[in-house]
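Produce the entire structure from the sequences given, and follow the hints as far as they go.
Numbering-wise (the working numbering), the sequence shown opens with residue 3 and increments by one.
Be a bit skeptical, because a hint or two may be false.
Below, a list of computed lysine to any residue pairs in the SDA-like style, where the Cα atoms sit at most 25 Å apart [unchecked claim]:
#1 11 <-> 41
#2 86 <-> 76
#3 11 <-> 57
#4 11 <-> 65
#5 86 <-> 69
#6 11 <-> 100
#7 11 <-> 62
#8 86 <-> 39
#9 86 <-> 74
#10 11 <-> 97
Note that these hints are calculated values from the structure, not bench results. Every value quoted in this text rests on a predicted model; they were computed, and no experiment measured them.
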Amino acid sequence: MTDKPARLKVTAIRAIVPFRLVVTFSDGASGTFDAAPMIGERGEGTEPLRDRRFFGTVGLANGVPTWPNHFDLSPLWLREEMEKRGELVLPPPLRRRR
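Take a look at the structure:
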């Protein structure tokens, strides 16, 4: 696992069909999260996300992916899930100038 900033945020998010999120994190990592397994779980918060139009209404509230029904995803959880699944692309390491 990589070191993560104390306050990881999502800096950009976009829903694409079917039930995927294109995500960029404040540490420069990015990738496409397959949300289908998550929204397939039963739950009050995830049920509305099964509607593709509603799923597409995702936005950011203080760096946290959030839908109008107030369902949100922890940026840290999201990044860890994406890393586990191989969906995360890490930024290239910074090169020191000589």
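Outcome of the hint check:
no.: 1; hint: 11 <-> 41; verdict: 22 Å, holds
no.: 2; hint: 86 <-> 76; verdict: 15 Å, holds
no.: 3; hint: 11 <-> 57; verdict: 20 Å, holds
no.: 4; hint: 11 <-> 65; verdict: 5 Å, holds
no.: 5; hint: 86 <-> 69; verdict: 24 Å, holds
no.: 6; hint: 11 <-> 100; verdict: 31 Å, violated
no.: 7; hint: 11 <-> 62; verdict: 9 Å, holds
no.: 8; hint: 86 <-> 39; verdict: 14 Å, holds
no.: 9; hint: 86 <-> 74; verdict: 20 Å, holds
no.: 10; hint: 11 <-> 97; verdict: 24 Å, holds
Checked against the numbered hints listed earlier, the structure breaks hint 6 alone; every other hint is satisfied.
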